[in-house]
Structure formats: C-alpha cells, structure tokens
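Chemist: So the chains spell out like this:
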Amino acid sequence: MGIGLLHILFVSIALFFIGVYGFLTRRNMITMLMSIELILNSININFIAFNKFLYSDKLDGLFFTVFIITIAAAEAAVAIAIIINLYRNYKSIDIEDADTMKY
Amino acid sequence: MMNASTVIFYILAALILGGGILSVISRKIFRAAIYLLFSLIGIAGLYFYLNYEFIAAVQVIVYVGGIVVLIIFSVFLTHESGRDMKKPALVRALFSFLATAFAFALTMSLIKKQEFIPTLNATVEPSVNNIGTQMLSTTQFGYILPFEVVSMLLLAAMIGCIVIAIKVKHPDEDMLKGNELKVPEDIDEPLNASL
Numbered sequence: 001m002g003i004g005l006l007h008i009l010f011v012s013i014a015l016f017f018i019g020v021y022g023f024l025t026r027r028n029m030i031t032m033l034m035s036i037e038l039i040l041n042s043i044n045i046n047f048i049a050f051n052k053f054l055y056s057d058k059l060d061g062l063f064f065t066v067f068i069i070t071i072a073a074a075e076a077a078v079a080i081a082i083i084i085n086l087y088r089n090y091k092s093i094d095i096e097d098a099d100t101m102k103y
Numbered sequence: 001m002m003n004a005s006t007v008i009f010y011i012l013a014a015l016i017l018g019g020g021i022l023s024v025i026s027r028k029i030f031r032a033a034i035y036l037l038f039s040l041i042g043i044a045g046l047y048f049y050l051n052y053e054f055i056a057a058v059q060v061i062v063y064v065g066g067i068v069v070l071i072i073f074s075v076f077l078t079h080e081s082g083r084d085m086k087k088p089a090l091v092r093a094l095f096s097f098l099a100t101a102f103a104f105a106l107t108m109s110l111i112k113k114q115e116f117i118p119t120l121n122a123t124v125e126p127s128v129n130n131i132g133t134q135m136l137s138t139t140q141f142g143y144i145l146p147f148e149v150v151s152m153l154l155l156a157a158m159i160g161c162i163v164i165a166i167k168v169k170h171p172d173e174d175m176l177k178g179n180e181l182k183v184p185e186d187i188d189e190p191l192n193a194s195l
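Just so you know, the protein sequences line up as chains A and B, in that order.
Residues in the first sequence are numbered consecutively from 1, following this note's numbering.
Residues in the second sequence are numbered consecutively from 1, following this note's numbering.
These are calculated hints, taken from the structure and not from any lab test.
Everything numeric in this text was worked out from a predicted model, so none of it was measured.
A virtual CB, placed ideally from N, CA and C, is assigned to each residue, including glycine.
Misleading hints may appear alongside valid ones.
Straight-line Cα separation of at most 25 Å, DSS-like style, residue types lysine-lysine; simulated pairs [what the hints assert, rightly or not]:
| # | chain 1 | residue 1 | chain 2 | residue 2 |
| --- | --- | --- | --- | --- |
| 1 | B | Lys167 | A | Lys91 |
| 2 | B | Lys87 | B | Lys28 |
| 3 | B | Lys169 | A | Lys91 |
Quick look at which bits of chain A chain B covers, simulated, 3 or more residues with Cβ under 8 Å [as the list claims (entries may be wrong)]:
| # | segment |
| --- | --- |
| 4 | 28-35 |
| 5 | 71-77 |
If we strip away everything but chain B, and leave its shape as in the complex, we get (with noise of 0.2 Å):
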C-alpha cells in the first residue's frame, strides 16, 4: 500500500541517486555538473519531505546557486567542455565498483542490525526562530562561538582564493617568450630624486 507521502520519498530518492550516479560515470563534464545539480536538488526536496525548511532553502541558496554555478564556471574557464573525458582504466573502474560495493553492503548490514532508540521527550520545531535563537545564544547550548569561528574562516577562504587565483606577471615570462627586458630608462637615479 502507497500513499502519497511514500511515493514522494521514492521520486527524490531515485532523483538523488540517479544525478549522482550519471555525475559520476557521465564522460562529458558539463553533463556532470548538471547532473549534480539535479541530485542537490533532490536533496533539497528531501529536507524540504523531512519539514526542514530552513536546510533546504540553504541548501538551495548555497549549493544550487552557488557551488554549482562556480564549478560550471570553472569548467568554461579550464576546460573544452563540448569534449569528452577520458574513460577510466577498466581495471581501476572495476575495483573501485568492488570496493564500494561490498562497502555499501556492509554499511546496511550494520545499520540494519543496529536498534535505534528515539527519543522520547518533546519535539523542537526546527522553525527559523528556534534556529536563530540557538544559534546566536551564549548559554549552555548556544552556538555563537563555532558561529565567530565559522565566519573567521570564510574570510580566510576568500582572502586566501584571492591570492591563490591572482594572476601575477612575472619578468621572466617576457624572456621565455624572447621579449627583451625592458629596462627604465631613469633607473640610475636614485628612488628618493623626485623627493
């Protein structure tokens, strides 16, 4: 018997399993980022069917609108991306198919052994006030300071990707290329002449 609700659960998770999987094995790299796309979506769609809706919206806002967008970038700048990639070495594609599948079937057989125990006091909404709250709150179980910490770090990443992808012209290059040197014309004089 299938209600509604299952039938739901069924479509994201074949969404979500089907974009990862055709992201993994799909040879042309913008069809792989597309494909991605669709899978976090779907995962979107799950957090929205678990009445998370504030990790879905994120979820949307960061990776559908931002991840994916810089990777697709990232392929134009890099990358022919009409062309196709290389196939992976039948030997290596088959052993890591053996590994993460007996992996996988390994982990489900734990899990499925495994009694979970849910807890019986009661439910926190997970509403944007409750979220907001928590997060910024100082006492026992706030998060501000992992919140502090977390935005440190985001600063440092795009400080970091700055210098990282700054294009800095070197003198050597115009040798490589057989430019002469260009040398300025007042550099006998003193730096301070102008002074």
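Here chain A stands alone, though its shape is the one from the complex (with noise of 0.2 Å):
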C-alpha cells in the first residue's frame, strides 16, 4: 500500500492550523507573514494533492496552485513595503505599537 490523498490531506491539514497557530501567537509583523505564507503553502498541497488523486484527467488544480503563489509573491512583496514603512514611521514592527487608527 502506498501514500493516498489520506496521508496528504494530513500534512496539509496540519501545515495549516500550524500557520493559524502562529498567526495567532506571533506579535511580530514579519513573522505573521511566515504563518501566512505556510497557510498559502498548506492550501498549494491541497490543490496539487486532489488534482493528482481524484482528477488526474484535468489540470486545474495545477493552474490554482500558480496562481496562488504568483498572488503570494505579490502579497509579500507589499506586506513587506508596508511593515519597513511602518518601521520608519514607529521604529517597530511589534503589532501592537500600530495603534494609530485603533481609537
């Protein structure tokens, strides 16, 4: 017997609420968005994974997963413009000194 979608659709799983545990946690901007990037990635193996096993005949998933990430290259890349200006604006990227608008 050999890996199924089962044994897949675990790792996924689990990269996922890794990443919302971290999202939650972290109070670090730059680490929020490594949290984001594993749940990014935990929904990539999905596509890829349900693609492989269930619809083989079509490429779709595939499509998605390049997609995403050519979208998660783009978020990044602002995510990170955004946090070296606040940086310069706040001297840190702690969550929690970005209170301007909040009252």
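Both chains are sitting in their own frames, so use the hints and assemble them into the complex.
Modeler: This is how it looks when you write it as structure tokens:
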C-alpha cells in the first residue's frame, strides 16, 4: 500500500493549523507574514493532491496553484513594503505598537 | 511493510511539519525564517514526489529564491536579528493551541468520513508542454484571461511597493530636528523668470 490522498491531506491540514497557530500567537509582523506563507502553502498542497488523486484528467488544480503562488509573491512584496514604511514611522514592527487608527 | 516511496514521504512530511512548527515557535526571528525555508523546500520535495516537476521548480524559484530572501532582507532592515522576541502571553498561547488542535481534530474526522471518488478518465500528464498549451489557450478551458489579469496584478503590486516604500523627505522633519528651514534666496522671483 502506497501513500494515499489521506496522508497528504493530513500534512496539509496540519501545516494549515500550524500557520493559524503562528498567526494567533505572534505579535511581530514579519513572523505573522511567515505564518500566512505557511497557510498559503498548505492550500497549494491541497490543490495539487486533489488534482493528482481525484481529477488526474484535468490540470485545473495545477493552474490554481500557479496563480496562488503568483499572488502570494505579490502579497509578500506589498506586505514587506508596508512593514518597512511602518518601521520608519513607529521604529517597531510589533503589531501592538501600530494602534494610531484604533482609538 | 515500508517500501522506499513510503519512507521518502514520511521524511518529507517530517521536514515540512517540523520546519513549520519550529518556524512558528522559534523566538529568534532569523532562525524562524530559516526553518520556514526548510519547510518550503520540503513542500517542493512533496511536489517532486507527486511528479509535478513544474510546480516544484516554481516553488523553489518563487518561494525559496524570492519570498524567503525578501523576508530575510526585511528582517535585516527592521530588526535586531540576534535579539529574542517576546514570548507570547501564556493565555493566548494556550487558547490558540487548543483552538487549532480541536479544529485540526474536527477537520481530520470529517475528512476520514468523506468518501473520495477518483475520476476514471484518462490521465493528463502535468508536463510543461500540456501546462503551457492550456495556460495560453483561448478556448473553453484555457487560462489566458487569469494569466493576463495576474500579470496586471503583478505590475500593480510592483508599482504599489515602490510608492509605499519610497522615502519622502518632509520639510517638517528638519523643523522637528531643530534645523531651520532653508529658504531659497530667489524665492521672490517668478517661476518663469529664467524663460
């Protein structure tokens, strides 16, 4: 017996919730961005696994993965530009310090 | 009975999950970035394992070569990378762990019950030839429109990054520092005086 869909789904779901845990506990913007990258990667694994094991007559899961990777790259670049700009204004990248618009 | 393929899968899974866990709990930000790198390389290995070589190559190029390097640069720009980060508050860590652990158990139990029915149609190889043909095809199942939209998105993101991160020198900044504003001497002259 080889590796089935369930094994890969286990990995991707575990990775998703690791990312969620990091996103909830971290207060540093760059590490929160890393958690988002983990979440996006777990979704990519899901798409590839479903495409491989259930819909091997199509390539749609693969295209979704390509587009998610592209958008993740754009998102990371914009997020880091925002973080660097915030660091210039607040001298900190802690999420608790950026509370000007909160009150 | 474990054959080589199964062993390779478990090694990859351990690399992915171990890298992910260490990346979210490590208190040194630079180490967290390096653990994230290992996790992403493990995911690229998983794509190789599933025979999706093109996606694996894209994963290595974009994530490992692009995003992680970008994150490491931003760590150097904004952080003292040797300093430890604050520990999360115990209550927050505990409840986050409980929430994610129960959500994980719930999702796994739902998936175990679900019956997945694979297609019986002939397999399409995920070769670069097939991918390129369908990606740029304008027929019913082509992806030319999202391809073009995503290229516009990348352009917009690039311009947006430059606009956000560009350093604007405010005249107020000099006043705050106590420097007097330097008024150009020829300010009274009309703008088109030199014409």
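Chemist: All hints, please: hold or fail.
Modeler: Verification of the hints:
1. B:Lys167 / A:Lys91: holds, 15 Å
2. B:Lys87 / B:Lys28: holds, 11 Å
3. B:Lys169 / A:Lys91: Roughly 17 Å separates the two Cα atoms, so the pair holds.
4. 28-35: Coverage by chain B holds for the segment 28-35 of chain A (6 residues, Cβ < 8 Å).
5. 71-77: Since 7 is at least three, the answer is holds.
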